[in-house]
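My request is simple: use the sequences and hints to build the entire structure.
There are 2 protein chains.
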Amino acid sequence: MADEVVRFGILGCANIARKLSRAILRTPGVYLYAIGSRSLEKAQAFAKDNGFPSDARIYGSYQSVLDDEDVDAVYMPLPTSLHMEWVQKASEKGKHVLLEKPPALSTEEFDKIAAACELKGVQLMDGTMWVHHPRTAKMKELLKRHDLIGNILEVHSSFFVPMKMHNPNFFMDNIRCNAELDALGALGDLGWYCVRAILWVHDYDLPASVIALPGAQFTKGGVITRCSASFVWGDGSVASMHCSFHANMTMSLNVYGTKGTLDVQDFVIPYEESSAHFSVRSFDKREPLDVNTETAQTQESLMVQNFATIIKGIKNGTGGLDPSWPTITRKTQQILDAIKLSIEKGYREIQLKA
Amino acid sequence: MADEVVRFGILGCANIARKLSRAILRTPGVYLYAIGSRSLEKAQAFAKDNGFPSDARIYGSYQSVLDDEDVDAVYMPLPTSLHMEWVQKASEKGKHVLLEKPPALSTEEFDKIAAACELKGVQLMDGTMWVHHPRTAKMKELLKRHDLIGNILEVHSSFFVPMKMHNPNFFMDNIRCNAELDALGALGDLGWYCVRAILWVHDYDLPASVIALPGAQFTKGGVITRCSASFVWGDGSVASMHCSFHANMTMSLNVYGTKGTLDVQDFVIPYEESSAHFSVRSFDKREPLDVNTETAQTQESLMVQNFATIIKGIKNGTGGLDPSWPTITRKTQQILDAIKLSIEKGYREIQLKA
Chain A
101 MADEVVRFGI LGCANIARKL SRAILRTPGV YLYAIGSRSL EKAQAFAKDN
151 GFPSDARIYG SYQSVLDDED VDAVYMPLPT SLHMEWVQKA SEKGKHVLLE
201 KPPALSTEEF DKIAAACELK GVQLMDGTMW VHHPRTAKMK ELLKRHDLIG
251 NILEVHSSFF VPMKMHNPNF FMDNIRCNAE LDALGALGDL GWYCVRAILW
301 VHDYDLPASV IALPGAQFTK GGVITRCSAS FVWGDGSVAS MHCSFHANMT
351 MSLNVYGTKG TLDVQDFVIP YEESSAHFSV RSFDKREPLD VNTETAQTQE
401 SLMVQNFATI IKGIKNGTGG LDPSWPTITR KTQQILDAIK LSIEKGYREI
451 QLKA
Chain B
101 MADEVVRFGI LGCANIARKL SRAILRTPGV YLYAIGSRSL EKAQAFAKDN
151 GFPSDARIYG SYQSVLDDED VDAVYMPLPT SLHMEWVQKA SEKGKHVLLE
201 KPPALSTEEF DKIAAACELK GVQLMDGTMW VHHPRTAKMK ELLKRHDLIG
251 NILEVHSSFF VPMKMHNPNF FMDNIRCNAE LDALGALGDL GWYCVRAILW
301 VHDYDLPASV IALPGAQFTK GGVITRCSAS FVWGDGSVAS MHCSFHANMT
351 MSLNVYGTKG TLDVQDFVIP YEESSAHFSV RSFDKREPLD VNTETAQTQE
401 SLMVQNFATI IKGIKNGTGG LDPSWPTITR KTQQILDAIK LSIEKGYREI
451 QLKA
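Sequence order for the protein chains is A and B. Numbering-wise (the numbering used here), the first sequence opens with residue 101 and increments by one. Numbering-wise (the numbering used here), the second sequence opens with residue 101 and increments by one.
These aren't lab readings, by the way, just hints derived from the structure by calculation. It should be emphasised that the depicted structure is a prediction, and the values quoted were computed from it without experimental measurement. Hints should not be assumed to be uniformly reliable.
Same chains, same label: a pair holds when it works inside one copy or across any pair of copies.
[Said to hold, decoys possible] Cut-off 20 Å, straight-line C-alpha distance, at most; resulting in silico cross-link-like pairs (SDA-like, lysine to any residue):
(1) 193 - 178
(2) 148 - 271
(3) 264 - 384
(4) 445 - 221
(5) 385 - 208
(6) 445 - 314
Encoded structure:
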């Protein structure tokens, strides 16, 4: 097989893997090459349902994917509690890892994951798709326009998905509510995006302190089903985030500057695949500026492509590991840790070390 | 003069009094009858600039307006620290009081104001205009539609006015930043509306607790220029509010239910006088419902009319005092007190007594 193609293996048949399979199929320069599940039958059905090429390797275990020497990279949509074990095993086999979020249950655990990847020279990237959308770059460009926005003072972000409307038994049987599998619940599944967005606005400058707001909710097993948190930076800038498995669908990011405001209604998953909107209201302009970003490639395909570009560079010796991706992953995880700790400490303010 | 007309006197020439003068002029059944200022010249200029009728009484003191037996009601746009003194004096003279917000510096002070009015049988209403807009009734009607909204889980409201963009010396010379005159600063001037809106969504059911969020800001004199707070109800419902004299113009209210969401971008002062919008996104409907409420009368004119209707009822013996207005004023003031106390206590959670 030609060296310029990056061959992907997928570990597990999670729902989200359908979206990624489609993205890999549609991304130039990458190949949907293997799938492994604990059940060979499930893997076969998944490959068939998701248009895997006829020569794809179908395995009855995750390890078999890792043992396949032709696999360059794995996409890992496993429950969070399995990430450390399987990233370590993948890195042992030299596989680059595209890791579904939340990457780990804690920063301490994430550091082991990242260290394993670094040690073995494999690239780690988390599966946060929206940062790869061209709208995101366009938003950043306008946020940097001091004449439009001024100094950024407040950022608010909410991500709500009414899980019971989709699945009446969600709180009973979904892994995102299972303390053994995805103990961070709504914070890891939804809050992750709000925290990442707030950090992204701040060019990944960590806040000085984080506090969770009274009113977090939990399953009987102690998994977070809703929470809010507030952040303060040293310069007085503030942010707040809200995530919930209960409230009606919402994916908002609002950035307030001294001069202008940026609003996006669907920052996590654009309502449409081929175009995405946001608006900027500036103090001295009567009408809001409605910005539309067209894209031929979906954000998940662009993520796969950006990940594959790094791998190609490593394979052909023209590039190396890109530490910026695990760095922003770690910062997001640090804030999640602080929010969780604040909740555990009765909503106490948590000071962050830079 | 015919009994069916309510004659208004205005105490002071504050900027906001221009809007109210215009509203009184345009409201049927009321008469713009008198203005008093500590300076007769200022009162004369104000009356001339604001189209007072040629027979209007122009006085060089507030007390002269109160001493005028033909004045039925006063509109009081004085600095908050003067409210208690002048409402007490007005009630002594049997004048009904339309009181600019924030009505008082504390609930304790408000209770004295309200008690004075009750004792003398005069109606007290605070100057929160948006609750009188027909859009508000329409929003309430849709919020009660369980098929559209479901149970209300979260409410977020922000009111920001970038004061320095309007007046570079705002933080130096405006009364809203003067600890002697309007000590509640942005919390009283802007946060008042967010708190009222959140209580309105909850049919004025007080939350169980209130906490201010780290990151409040102050003038050198200790007046709040920005703050945020979060509320929790006994049933687990939450709300948050943000107010700021620094960030770009924003007047948002977002209500999130299990099934649907209500968003309004200009809840305090509709962008247009004659029509006002809001939108409802419901889980099972693809497109948001954009609701437009037309109104021939501005919200400030409707406020004047609603206030005058009570007074007419009292005057002609067909009605009495409406205690619901001071009741919702008091509840709003209670929340402001709790936010201020929380800030003073280092952002401690404050439990409210029902």
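These are the hints, each one checked on the structure:
1. 193 - 178: within (18 Å within a copy, 75 Å between copies)
2. 148 - 271: neither (30 Å within a copy, 67 Å between copies)
3. 264 - 384: So residue 264 and residue 384 pass the 20 Å test across copies only (13 Å; inside, 44 Å).
4. 445 - 221: Neither: 38 Å inside a copy, 51 Å across copies.
5. 385 - 208: Neither: 47 Å inside a chain and 43 Å across chains, both beyond 20 Å.
6. 445 - 314: Intra 11 Å, inter 16 Å, cutoff 20 Å: intra and inter.
Of the numbered hints stated above, those contradicted by the structure are hints 2, 4 and 5, listed in ascending order.
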